[in-house]
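Take the given structure of chain A and dock chain B to it, following the hints.
From first to last, the protein sequence lines stand for chains A and B. The numbers in the first sequence follow my numbering, run straight up by one, and end at 466. The numbers in the second sequence follow my numbering, run straight up by one, and end at 466.
Treat the hints with care, as some may be off.
Between beta-carbon pairs, the in silico distance windows are [said to hold, decoys possible]:
(1) G256(B) / L311(A): 58 to 68 Å
(2) A214(B) / T215(A): 22 to 32 Å
(3) V227(B) / T215(A): 26 to 36 Å
(4) R257(B) / S63(A): 37 to 47 Å
(5) V227(B) / D75(A): 26 to 36 Å
(6) E325(A) / L318(B): 22 to 32 Å
(7) R432(B) / E185(A): 35 to 45 Å
(8) E77(A) / R257(B): 29 to 39 Å
Hints were generated in silico from the structure; no laboratory data involved. Cβ coordinates follow ideal geometry from the N, Cα and C atoms, glycine included.
Number of protein chains: 2
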Amino acid sequence: MTEDIDQDLPDSDHEEAAYSLDRRTVAAILGAVEAGDRAQLTEWMEPLHPADIADLLEQISASDRRRLVQLYDREFDGDILSELDESIREEVIAALHPEILADAVRDLDSDDVVDLVEDMDAPQQAVILGALEDADRVAVQQALSYPEYSAGRLMQRETIAAPEHWTVGDAIDFMRNSTELPEQFYHVILVDPRMHPVGNVTLGKIMAAYRATPLRDLVEDMFQVIPATQDEADVAYAFNQYHLISAPVVDDEGRLVGVITIDDAMSVLDEEHEEDIMRLAGVHEESSLSDTIFEAAKGRALWLFVNLLTAILASLVIDMFAETINQMVALAVLMPIVASMGGNAGTQTMTVAVRALATRDLTAQNAMRVVVREMSVGALNGLVFGLLMALVAGFWFGVPMLAAVIGLAMLLTQISAALGGIVIPMFLDRMKIDPALASGPFVTTITDVVGFFAFLGLASWILL
Amino acid sequence: MTEDIDQDLPDSDHEEAAYSLDRRTVAAILGAVEAGDRAQLTEWMEPLHPADIADLLEQISASDRRRLVQLYDREFDGDILSELDESIREEVIAALHPEILADAVRDLDSDDVVDLVEDMDAPQQAVILGALEDADRVAVQQALSYPEYSAGRLMQRETIAAPEHWTVGDAIDFMRNSTELPEQFYHVILVDPRMHPVGNVTLGKIMAAYRATPLRDLVEDMFQVIPATQDEADVAYAFNQYHLISAPVVDDEGRLVGVITIDDAMSVLDEEHEEDIMRLAGVHEESSLSDTIFEAAKGRALWLFVNLLTAILASLVIDMFAETINQMVALAVLMPIVASMGGNAGTQTMTVAVRALATRDLTAQNAMRVVVREMSVGALNGLVFGLLMALVAGFWFGVPMLAAVIGLAMLLTQISAALGGIVIPMFLDRMKIDPALASGPFVTTITDVVGFFAFLGLASWILL
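Isolated chain A (complex conformation):
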């Protein structure tokens, strides 16, 4: 019955996005929690995917969350923990009975356990690791020995490797006789005698071939080996760029140590996106809707503080021209327009640059051409909007020279916004600083300072 309702709702209620949690299910679950009715709760939760249960837990209040977790109890699946936002994961772990937690964790793949424990404090980490069987614990500890955000942390250690001389029949027999195959695998990896990966054979090709076919005849054209120390963002880029499905991971000596599958790379790509978009807006990249008010305020305060400093800097520029403004108050009325247009153009160029750096579209190869292009774009839009604004200001205040001043100031500000917007991200990238993280305040400072300085400076020079 629950499944029927699940499937009906996307049609019957067009206001909800596809795959978002259905309100009636949520209401029924919260009702069961309220009533303390474990059977009802389990019945409603049963058809939900762990990722959806995690979303549900993130969306309800902290007190409902605790009661739900405690009532759900033995049914609690380890995958829910993996899917949970870090900000409330600790809270949920604390609400779970230690035995349930141990069971939940034991069911997880070792790469999911790594993901779970890597950000924990040592004592909490010890609790989770203590719940694991010895072999799993060693696997997790080995993974943790790789740098954070590296391919070594992302990979699963279970691989299906085959010597180069094997046939399709050898591979099939090997797999049929294996007691424990990886949960997910899409390739048999051919390795040389030193365990260096030399090629991938997709399972589809093996399926379709006769037993006597040598595996090496079925090897894929595209084959990309990933160093275990490579940054996970680069791994995600490689999967997306080369349409990889799985790729072998090798140690410093080039020996096979694991495999990364595309679903993990897709998660990383999504996280990188989240990081970019949050950083560009000056929000702490790990913030989430389930943060407390204090955490959320703190996660935004740093950027607001930097913005305050740059805004004060811009105000100091205005202060230099206080006398000029005193003589013509129209300048105070118009000056925010120049700064605002500059800030906007700077943000546009900066975003294009940050994205192009992330996708490797902006390189040393085309850097000069892109800089010239951006400045030309700035000059062109500066001319168009400078002229437009000159007309507006001319009609508004009836002072032809004021119109000329704002038009010229707008042109200068647009060009410097473009220059700042492209050069600053490139410079930060060269300095190995994430351009998304730090470009904003620099670009805005430039556009504000140039905007006010150009407008008020030209005004005091030409008008007074």
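This is chain B only, laid out in the frame that chain A set:
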């Protein structure tokens, strides 16, 4: 030899990002183009992946591009076209000899041809479709009958489906005897007699099982069927949320018509992200570094124009208080700080909201709680930075009441920025407008207008 250089460079030149095109290779290729040396060109290009060749073509100048394409000639691979940015795809197609183009297109999978032709003008589309074999042309035309950006356009039509009663042996025999298996497939899809998909069996499980095992015993827990008319953004969300590798696509009657694989979903996720990040910055989402100056300027002009209007609106507010500013020029010096801090806080909240809507974390379920939370965050940071700025203004201008006015104005602006930043995206989403597209100008207008009005209004009321 070329491969050696490729592999050495990432180590020897730490300034380049992993997987970015190696400068020496690019220089050698451009040298070969310059010299008109086809053999050299082919030798340097041979080890490159089509995606990298596409990036190369995007990064060089238009004249180099034309000469390279014409010199490379017969070696030109259809996949390069698929990987190319739309803005220069037409240019490259125009530079290709019609016969070469026809050959290149014939080698592509039908879903790649769909991707290639869907944005073309009718005459150019006819040229490409004319080059295809009949069966392929029909497949492409059928795909084009689905709405743009739908699962039907994204899917590949070739599937491996099996009746529910089949065993592992039946499936293997069927695949061995098939003349044309799909390029990529990861599941055998179990279907009922009406061709409705009922379950997925991964190839790995089939490999590891004995021939007599019924396929239905190996069915995956997670199984998600995608309607052909579903939006591709929702498809990408489902793949990421449920860790799908491939999913069957069904028509209105629930019959299997194709399959979508995770690599396509990953590309869509990446494109959706690009769209969000560009739209949030007010850049036309299809703009790229290879646009001409005029195209790029045009792609940013709309947003700049909207920003001009809102900036003029804010200036009208200032103009209302021209007399007040005339009496105390310090107001003109300080007012941009209030507006700038408001704009920043509004952008932060708006970005969090846009992202949370995209990830289905912000729903009707928790909307009220999130709005209250954001306003509390705004109030908290408003208090902190209002107090800080009051101190700065007090010391700067020595007028205690001015300090009180800016502190209070800052608090009000921060709260309304938070309110606007969360409510506007939610409202647009409810109206079926992409919140990333249109939130920016509205939020900035609110923060500017409220900022100037609160600061100057309070000043004229309290100070004068």
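Margin query: Under the constraints set out in the numbered hints, which ones does this structure not fulfil?
Written below: Of the numbered hints given earlier, the structure breaks none, since each of them holds.
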